[in-house]
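Participant: Each chain, written out:
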Amino acid sequence: MTKQTHKTDETILKIEHLKKWFGDLEVLKDINLEVKRGEVVVIIGASGSGKSTLLRCVNFLEKAQKGKIYVDGKRVKQQEKQLNKVRQGLGMVFQHFNLFPHMTVIGNVMEGMVHVKKMPKDKARTKALEILEQVGLSDKADIYPAMISGGQKQRVAIARALAMEPEIMLFDEPTSALDPELVGEVLSVMTDLANKGMTMLVVTHEMWFAKEVADRVIFMDEGVILEEASPEEMFSAPKEERTLAFLKQILPPQDDE
Amino acid sequence: MSILPWDLTVIPQRFFQFADAALYTLQITFFGILLGLIIGLVAALGRLSKRQWINSLSRAYIFLIRGTPLLVQLFIIYYGLTSIVTIDPIPSAIIALGIHNGAYIAEIFRGSIQSIDYGQMEAARSLGMTQGKAMQRIVLPQAFKRAVPPLGNQLIIALKDSSLASTIAVPELMLKGRQMGSSSFMYMEMFLIVGIWYLIMTSLLSFVMHRIEQRLKVSDHD
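Chains as they are written, first to last, in this note's numbering: chain U, 1 to 257; chain S, 1 to 222.
Chain S on its own, in the form it takes in the complex (with noise of 0.2 Å):
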């Protein structure tokens, strides 16, 4: 009938059997990017601390987890951690997207900022503000407008990396189309599906991330 090898008609009718799964792949990419946030920001300031000690804690955090797979991460918190203590695959996937996504992060925050003018600290302190208030008052809030637009590009990522997930047999996107391949023999059609089902929530990622970036412009219009 066709002249594809394939019957693509089968990825409407398929295409909402994968509505779960595509679930799965948002909740471990939200708690694992929120998880991130939180560690980005320690490390952030930690990397920008006058005490040694705290400093080089999180250099050598980014240093190490920039530099592996998130693969092996994954592994090392799924199966390595198991003579100590186990953890389900749903929180060892989001523990290890947090810890992953949490260094690159870190640089983003690390980076806006260092951005900021130096001037806005010291009008803070003139105006008797300690080091942290200025901070959290003064300087954060400017920073982390400046840190939207790689946020952004940083949680797309993570959702993509979130796939890996499907290893440790949480049952997400990926985890899906394989099963749903190897038991139709129609790979094709289920990983068109599945890359359909990414690319509509990437999309709405950018979407969100950019009317977020336009929310946030009220302050700079002249």
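So that you can see chain U by itself, here it is in the shape it has in the complex (with noise of 0.2 Å):
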């Protein structure tokens, strides 16, 4: 299988001289970083590390001390009124997936179509199907989320963020809560997402996906960028020893030689 890359030269995505304390601990120590349109980045390295911090600095949810965000070539300011309004170009998919448990599957779907977008309800419930069609889900639109697994209810909360149209997909360990044998059918959605072009930036520990999918690899190490590569050059010759140690840890023996 060839890889398909969506990538472009626009940039979608600019990150300069992020930093961000909580409280006396530097978690973030000056990232820099770029992303095109069309292109899918995923992010490894050790808990702790700073991944996650830096994907959720993205959209605001933490706030970085100093640094800039640029998304579609603006500056993002920390402004309330911007800030929702860039946050509905940024689709966040969360660990432990946070649906709404009090609406149903589409209700989920619908609700930021409905009460964000200000789209009508019947309009906005057919677009919910397409997504949830997109994602196998259109059977278990009329049921809460209490009633299907973990591995249905993150293609629902994929679902819910595509509702929205958004320029990029962030992605914040989105298997990393899930039983194994759920693994495979959400990285398969991300996949089809990837391949229809979707900009993706992608926390996760989850290696196959990196190597098939991503057409970039950030090695994020103590609160710094510490490598970046095409995942051939970092699954095969990593340049750093810090991150050859975190890969050796993490993959599974190879036995092919």
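Simulated from the structure, these hints should not be mistaken for laboratory data.
Note that the structure is a prediction, hence the values are computed from the model and not measured.
It cannot be assumed that every hint is accurate.
[What the hints assert, rightly or not] In silico lysine-lysine, DSS-like type, Cα no more than 27 Å apart, as pairs:
{"#": "1", "chain 1": "U", "residue 1": "Lys127", "chain 2": "U", "residue 2": "Lys117"}
{"#": "2", "chain 1": "U", "residue 1": "Lys77", "chain 2": "S", "residue 2": "Lys217"}
{"#": "3", "chain 1": "U", "residue 1": "Lys118", "chain 2": "S", "residue 2": "Lys133"}
{"#": "4", "chain 1": "S", "residue 1": "Lys50", "chain 2": "U", "residue 2": "Lys68"}
{"#": "5", "chain 1": "U", "residue 1": "Lys66", "chain 2": "U", "residue 2": "Lys77"}
{"#": "6", "chain 1": "U", "residue 1": "Lys117", "chain 2": "S", "residue 2": "Lys133"}
{"#": "7", "chain 1": "S", "residue 1": "Lys160", "chain 2": "S", "residue 2": "Lys50"}
{"#": "8", "chain 1": "S", "residue 1": "Lys50", "chain 2": "U", "residue 2": "Lys123"}
{"#": "9", "chain 1": "U", "residue 1": "Lys239", "chain 2": "U", "residue 2": "Lys7"}
{"#": "10", "chain 1": "S", "residue 1": "Lys133", "chain 2": "U", "residue 2": "Lys81"}
{"#": "11", "chain 1": "S", "residue 1": "Lys217", "chain 2": "U", "residue 2": "Lys85"}
{"#": "12", "chain 1": "U", "residue 1": "Lys63", "chain 2": "U", "residue 2": "Lys36"}
{"#": "13", "chain 1": "S", "residue 1": "Lys133", "chain 2": "U", "residue 2": "Lys74"}
{"#": "14", "chain 1": "S", "residue 1": "Lys217", "chain 2": "U", "residue 2": "Lys121"}
{"#": "15", "chain 1": "S", "residue 1": "Lys160", "chain 2": "S", "residue 2": "Lys145"}
{"#": "16", "chain 1": "U", "residue 1": "Lys63", "chain 2": "S", "residue 2": "Lys160"}
{"#": "17", "chain 1": "U", "residue 1": "Lys85", "chain 2": "U", "residue 2": "Lys118"}
{"#": "18", "chain 1": "S", "residue 1": "Lys50", "chain 2": "U", "residue 2": "Lys19"}
{"#": "19", "chain 1": "U", "residue 1": "Lys66", "chain 2": "S", "residue 2": "Lys217"}
{"#": "20", "chain 1": "U", "residue 1": "Lys127", "chain 2": "S", "residue 2": "Lys133"}
{"#": "21", "chain 1": "U", "residue 1": "Lys81", "chain 2": "S", "residue 2": "Lys50"}
{"#": "22", "chain 1": "S", "residue 1": "Lys50", "chain 2": "U", "residue 2": "Lys85"}
{"#": "23", "chain 1": "U", "residue 1": "Lys77", "chain 2": "S", "residue 2": "Lys133"}
{"#": "24", "chain 1": "S", "residue 1": "Lys133", "chain 2": "U", "residue 2": "Lys121"}
{"#": "25", "chain 1": "U", "residue 1": "Lys121", "chain 2": "S", "residue 2": "Lys145"}
{"#": "26", "chain 1": "U", "residue 1": "Lys63", "chain 2": "S", "residue 2": "Lys133"}
[Unchecked claim] Quick list of the computed label-pair ranges, beta carbon to beta carbon:
{"#": "27", "chain 1": "S", "residue 1": "Asn55", "chain 2": "U", "residue 2": "Met147", "range": "37 to 47 Å"}
{"#": "28", "chain 1": "U", "residue 1": "Leu247", "chain 2": "S", "residue 2": "Pro150", "range": "44 to 54 Å"}
{"#": "29", "chain 1": "U", "residue 1": "Ser176", "chain 2": "S", "residue 2": "Ser115", "range": "18 to 28 Å"}
{"#": "30", "chain 1": "U", "residue 1": "Gln79", "chain 2": "S", "residue 2": "Ile54", "range": "17 to 27 Å"}
{"#": "31", "chain 1": "S", "residue 1": "Ser115", "chain 2": "U", "residue 2": "Met147", "range": "14 to 24 Å"}
{"#": "32", "chain 1": "U", "residue 1": "Tyr70", "chain 2": "S", "residue 2": "Ile76", "range": "52 to 62 Å"}
{"#": "33", "chain 1": "S", "residue 1": "Ile200", "chain 2": "U", "residue 2": "Glu165", "range": "53 to 63 Å"}
{"#": "34", "chain 1": "U", "residue 1": "Ser176", "chain 2": "S", "residue 2": "Ile200", "range": "31 to 41 Å"}
{"#": "35", "chain 1": "U", "residue 1": "Asp122", "chain 2": "S", "residue 2": "Gly132", "range": "40 to 50 Å"}
{"#": "36", "chain 1": "U", "residue 1": "Thr11", "chain 2": "S", "residue 2": "His210", "range": "55 to 65 Å"}
{"#": "37", "chain 1": "S", "residue 1": "Pro150", "chain 2": "U", "residue 2": "Thr11", "range": "37 to 47 Å"}
{"#": "38", "chain 1": "U", "residue 1": "Lys77", "chain 2": "S", "residue 2": "Phe144", "range": "43 to 53 Å"}
{"#": "39", "chain 1": "S", "residue 1": "Thr167", "chain 2": "U", "residue 2": "Lys123", "range": "54 to 64 Å"}
Each residue gets a CB set at the ideal place from its N, CA and C atoms; glycine is no exception.
Quick one: dock chain against chain with the hints and give me the complex.
Facilitator: Given below as structure tokens:
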């Protein structure tokens, strides 16, 4: 299988000199990152390396103390009105799904369309059904999240984010809370999205996904981007010793020689 | 005739003469709790506000009201304010019950709002919702559901506390009991009737609250 890339030359997300502290602890130390439209960037690294924090800073769920973020060439400031607008263009998928338990599956997907985009309900419902179809869950539309599996929940969460027609999708360890047998269905929906040309920023421990789908892999360590490379380079010949040490721990031993 | 010094046969005979009074009890409780729910929600949101003066104001309200007896609050409203404004007994009782229960309900709401996973707020915000919209659409509906059992409890307390309104001449159950007792000298019989009326009303309330809890559980079934 040859990997198809939808990466373009147009910069859609740019992060400059981002710094973030939790109290005295500096969790992001001068992060610089540029993402092109259509690119799939996977961020890997040990827990505590700052990768989730970085992702959460991109849509301002965490506020970085220093640095600049540009989405679509426009500087995003920490100003409520602009943030609400910018966040609509940044779909977020959480580790623990964070579905709205008091709404049905389709209610979850419609919520943003109806109450943020002010779309008429019947139109939103039609569109929600289409998106649910896309993630393979149109038959679960009218039941509550408590009644479906973790993998299905995460697919609904992806559908909920897609309903806002985001330009970038942010995934914060989307399969870490799932039973192993449910990981595949979520990754396949994500692969599908990547193949359709979605710009994606993914924090994950699924090295298979990084290898097969990513255009670029970023290794974070103690709040810095230590290394970035194509998945081929990153997994076969990492330059940094710490990257190698991390990959050795996380990848199964190679037995093809 | 009877071994008891009381004539218990008057209980069924006089029982329904208390119906009007029971209606007053229900009325002041209902409107008092309604007012309390509104004040409670506002005060709870105030307690969760990042704006310091709103937060302090809510905190002060809860501190003052929870720290003083309902009877004192009732007398301040009914007697104390007369030099500025005269409020009739029934509105006085409703206002006192509302303000008093509002402080407890505020704490119930605050607890239930804080018990909702912060990820819910984050998910709502990530869709581009404003803080207020996310509160209204996502957090509060879930918080209300969790608040139902303690609110039921508070409602029962309010119903019984409404008996204090007898002290400012609201013609509710307790006052009726005292009047009927002193005119017939059958205090035991009359207060037993009053007690039975309260018991019936609190039982009905418990039942209704239980049904509401069950209805709200639809989305929880696995």
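Participant: If I claimed the Cβ atoms of Ser176/U and Ile200/S lie 31 to 41 Å apart, would that claim hold in this structure?
Facilitator: Taking Cβ atoms as reference, Ser176/U and Ile200/S lie about 55 Å apart, which means the hint is violated.
Participant: Would the pair Lys63/U and Lys160/S pass a check requiring their Cα atoms to be no farther apart than 27 Å?
Facilitator: Violated, because 49 Å separates the two Cα atoms, which is more than 27 Å.
Participant: Taking only the CA atoms, is the gap from Lys133/S to Lys74/U under or equal to 27 Å?
Facilitator: holds, 26 Å
Participant: How does the Cβ-Cβ distance of Pro150/S and Thr11/U compare with 37 to 47 Å: does it lie in that range?
Facilitator: violated, 53 Å
Participant: Between Lys66/U and Lys77/U, is the straight-line Cα distance small enough, at 27 Å or below?
Facilitator: holds, 11 Å
Participant: Measuring from beta carbon to beta carbon, are Gln79/U and Ile54/S in 17 to 27 Å?
Facilitator: holds, 21 Å
Participant: Holds or violated: are the alpha carbons of Lys217/S and Lys85/U at most 27 Å from each other?
Facilitator: Answer violated: Lys217/S to Lys85/U is near 35 Å, above 27 Å.
Participant: For the pair supplied as a hint, Lys133/S and Lys121/U, confirm whether the alpha-carbon distance does not exceed 27 Å.
Facilitator: holds, 17 Å
Participant: Mind checking the alpha carbons of Lys160/S and Lys145/S for me, to see if they're no more than 27 Å apart?
Facilitator: Measuring from Cα to Cα gives roughly 24 Å; hence the hint holds.
Participant: Lys85/U and Lys118/U were given as a pair; does the straight-line alpha-carbon distance stay at or below 27 Å?
Facilitator: holds, 13 Å
Participant: Is Lys50/S within 27 Å of Lys68/U, Cα to Cα?
Facilitator: Status holds; Cα separation ~26 Å.
Participant: Sort out whether Lys133/S lies within 27 Å of Lys118/U, counting only the CA atoms.
Facilitator: holds, 13 Å
Hints 2, 7, 8, 11, 16, 19, 34, 35, 37 and 38 from the list above are not met by this structure, while the remaining hints are.
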